[in-house]
Amino acid sequence: QKEVEQNSGPLSVPEGAIASLNCTYSDRVSQSFFWYRQYSGKSPELIMSIYSNGDKEDGRFTAQLNKASQYVSLLIRDSQPSDSATYLCAVNMGNQFYFGTGTSLTVIP
Amino acid sequence: SQTIHQWPATLVQPVGSPLSLECTVEGTSNPNLYWYRQAAGRGLQLLFYSVGIGQISSEVPQNLSASRPQDRQFILSSKKLLLSDSGFYLCAWSRDALNQPQHFGDGTRLSIL
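As given, the protein sequences belong to chains X and F, one line each in that order.
For the record, in the first sequence the residue sitting at position 52 is 52 according to this note's numbering, with numbers rising by one throughout.
Residues are numbered in this note's numbering as their position in the second sequence, beginning at 1, plus a constant of 109.
Hints are supplied without guarantee of correctness; some may be wrong.
[As the list claims (entries may be wrong)] Pairs of lysine to aspartate or glutamate residues, derived as EDC-like cross-links and limited to a Cα-Cα distance of at most 20 Å, are as follows:
#1 188(F) to 135(F)
#2 67(X) to 55(X)
#3 56(X) to 78(X)
#4 42(X) to 215(F)
#5 67(X) to 57(X)
#6 2(X) to 27(X)
#7 42(X) to 131(F)
#8 2(X) to 168(F)
#9 42(X) to 194(F)
#10 2(X) to 15(X)
#11 189(F) to 131(F)
#12 188(F) to 168(F)
Quick caveat, the hints were computed from the structure, so don't treat them as lab data.
Just chain F, with the same shape it has in the complex (with noise of 0.2 Å):
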């Protein structure tokens, strides 16, 4: 079976100070992989995906990034938080076929200070 882990699960940063964020996927190869952010109380913003190693798009401008180094790993990067940046970020991985359904991981609490 497939599962996705996404660490750390919370995690504190003063403003200015960078991020990683990482995601990896078993069981699967070449899964889509998409990072949402979630604030308190509002819906799923999607900011980034990918079909494959290297393949990134952003759909939202912002300071954050994403790479895909490996096909079933996925990083969220910052080099300058914000206020802003503080969310629920979940990680989630689809099988590269239509009509497949995401599968999220366990998310990571970010609070920026």
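Just chain X, same shape as in the assembly (with noise of 0.2 Å):
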């Protein structure tokens, strides 16, 4: 059964803080991690793409890939209220889409 877990949250930052997104995966062959923003009553917004270990910066948004501990996270800096979102994760396992049920960030004023 292949599966992404995110924690659902709600997660509570204060305005200006980091927020720490997590996601695990299920199988270790996956090449291709994403994450998505999802504002309330909207569609998802592909944010993110990484690929290789390590780090990628886009902005305020930092995404970290370890393959070896089959987890992907997100970084936020300089969290704003426009942040408040729900974040999925997604991952291409075996040529499929998987998505986590996604974790729920407010930052509060």
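Given two chains presented individually in distinct reference frames, assemble the corresponding complex, making use of the accompanying hints.
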């Protein structure tokens, strides 16, 4: 059974803090990993892709991948109230996409 | 650039009525296409995916069906809607290559009365 697991939250952080979102996956041979942001009532929006071990930075977002431990994380620096959303982790396993159920993030002004 | 269009945005239908949701992609050829359903407060459930015209794979047995009459057109249908069909329906596309992300349309919020 291929799975992608996330802590559903809710995760609350104060404005300006770092939000840390984590995701684990079951298939060791997975090659591609994605983070989506979904605002309430809206569709998921791709915000980060990562394919290699290590960190990938894009603005305030940093994705971290550790294939040996089978986890991928998303750090949001200087969190803003506009970052309040559900964050979905997705992993391509066996050329099929698997989504986690998402972590709800609230940034408190 | 590529865009994905999905309509209608909202739909209210009585139980037992038919359904047709349409999705089209522009700016790319031979995309992989996907239909998902998201129940309120829940994760994404993959319903169907297609790697080419007329090629449909079903992930979940149900009273829904999908068709791909043209390369960039994906249709979700039902002959008779059930109350349990309520939800947020999302169409997505990806490039036909390994390790490509999926990109979502704006979704259709379907309410069954």
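Violated constraints from the hint list, given by number and in increasing order: Per hint list: 1, 10 violated.
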